[in-house]
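**Q** Okay, here's what each chain looks like letter by letter:
There are 2 protein chains.
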Amino acid sequence: MSLLTVGTVAFDDIETPLGKAEKIVGGACTYISLAASYFVNEINLVSVIGDDFPQETLDMLVAKGVSMEGLQVKEGEKSFFWAGKYHDDLNSRDTLDTQLNVLADFDPVLPESYKSSEFVMLGNLTPDVQMRVIEQMNGTPRLIAMDTMNFWMDIALDRLKEVLKKIDCLIVNDEEARQLSGEQSLVKAAAKILNMGPRYLVIKKGEHGALLFYDGTIFFAPALPLAEVFDPTGAGDTFAGGFMGYLAQSGDISFENMKRAVIFGSAMASFCVEKFGTERLQDLTGTDIKNRVHKFVQLVNFDAKL
Amino acid sequence: MSLLTVGTVAFDDIETPLGKAEKIVGGACTYISLAASYFVNEINLVSVIGDDFPQETLDMLVAKGVSMEGLQVKEGEKSFFWAGKYHDDLNSRDTLDTQLNVLADFDPVLPESYKSSEFVMLGNLTPDVQMRVIEQMNGTPRLIAMDTMNFWMDIALDRLKEVLKKIDCLIVNDEEARQLSGEQSLVKAAAKILNMGPRYLVIKKGEHGALLFYDGTIFFAPALPLAEVFDPTGAGDTFAGGFMGYLAQSGDISFENMKRAVIFGSAMASFCVEKFGTERLQDLTGTDIKNRVHKFVQLVNFDAKL
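Residue numbers (our numbering), protein chains in the order written: chain A, -4 to 301; chain B, -4 to 301.
Read the hints as simulated data drawn from the structure, not as lab findings. In this text the structure is predicted, and so the values were computed from the model without any measurement. Positions of the beta carbon are idealized from the N, C-alpha and C atoms, including for glycine.
In silico contact screen, one side only, chain B against chain A (beta carbon under 8 Å); selected entries:
#1 D84
#2 Q179
#3 L181
#4 V182
#5 K183
#6 I213
#7 F214
#8 P217
#9 L221
#10 A222
#11 K254
#12 R255
#13 V292
#14 K300
Between the sequences and the hints, there should be enough to build the whole structure, so can you do that?
**A** Here is the structure:
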């Protein structure tokens, strides 16, 4: 089945305790689409760039089955740019610079062929843009998932809540879940958020794994303990891409398959952090992914002998 | 098989966001012994108290199969006392008061009948006291596990390292593992610590679960997501007690059984935090524990379909 991916395609300056990279390709939609491309053949990308974006990156994405029909290229303008520096523990970071550029007045326009995509992944963008995408879909997609961030809760909470009513699955991190719900306990936070619209909720906890909440049930996927985390940028988007790609491939949104999708998303994220930017995500093989998922199986597998 | 438990038997003042309790029974050895008592019949307690300790608590422990032969009671002296206040996130706390009292010159003396205990759990105490216990054992126990804390790394690191050479399993939290190894990554920290003596290492991550490291392999046990954490005091000791109690009951220290023991320890800890102090640990049933472990199975269970 096809997967619609919406979000930024952008440049990042990144500094981590292990190194520094300037003006490398990033953006939520880039990570989402790349990760998903290992699972699903038809990816319908919706985004906007300036005329400064490298053609070889677009070619690489096209070679992986990502359609560029929904990519707007603004002549004479610059692509979205973000610069950040990670703290020593890699769990927190400072934003050093954000230049909206083409994103400032982004109006997503879905090509006709995109409108019947069965799966939709809305990367972190203004709730208005996310809503505009949903409104253009024909009929009801099998599953609409979205990411968001604290910033939109601060300045556009009402609009965000309207979008939440239209989607099936929210994917946020623990801090975001706490702010959105006003609850410290993630169990209580999840109960409140699931009352806001989505049937499924994924709470990402970075190096501490991810929780999937659905209908009173909780599934927990660990993060793989890694000796070295090179660059956490894009790990959350990579998770979302792997998760939605896995679901779109199978077309199966049963809870059992959602659990598997969370594991595959976590596996993809564990690759992402091994190198700077999208580098590690560009040349994986099916065997790499299988072997990585097998590590997750081994990590949590036990026989309780009850 | 029998389990030797060493540590404080004490009083705590505790303040959490949900309430306050004064001069309630606490201490590492109390939590360890109580948790272990649900698994193993012969528990040999080694500790020291003043003449201010309630007889009914000692009676309760004896009724659960805990031997008091190794408990020193110092007439005219006071039991160890700790007062602490938890922050809103319950992940950190401030120590408001510590009164060593009887602990200041504690010299553990093992009764003859204790010296052949097959399993030994050394709660957090000065490395000197831990070493004194090990030196009194007859022959080599099946498994010696110990806890320690940053304080001993600051003031008695050399002695601590001598003790580490004598034990089989170290049980510490993530901060302690990082300080002991000087490594931020827990994978790297584990590799260094396993070079210091112990064959097994458990790193507790509080609400984020626990990791078991052995011979290049990692097992991860989640913590149960809870709607309400009432009081985290003693959760780490309760984990250790459940873990060692489960091992001592079976006498099996294979990695497969160690994994189960980590889950049972985590299950016991999940009970501990539901009420103040040791309250919740006093009246559990075998069915309670089985049902709780079943929740852990459900929480992480998935079929990767590889």
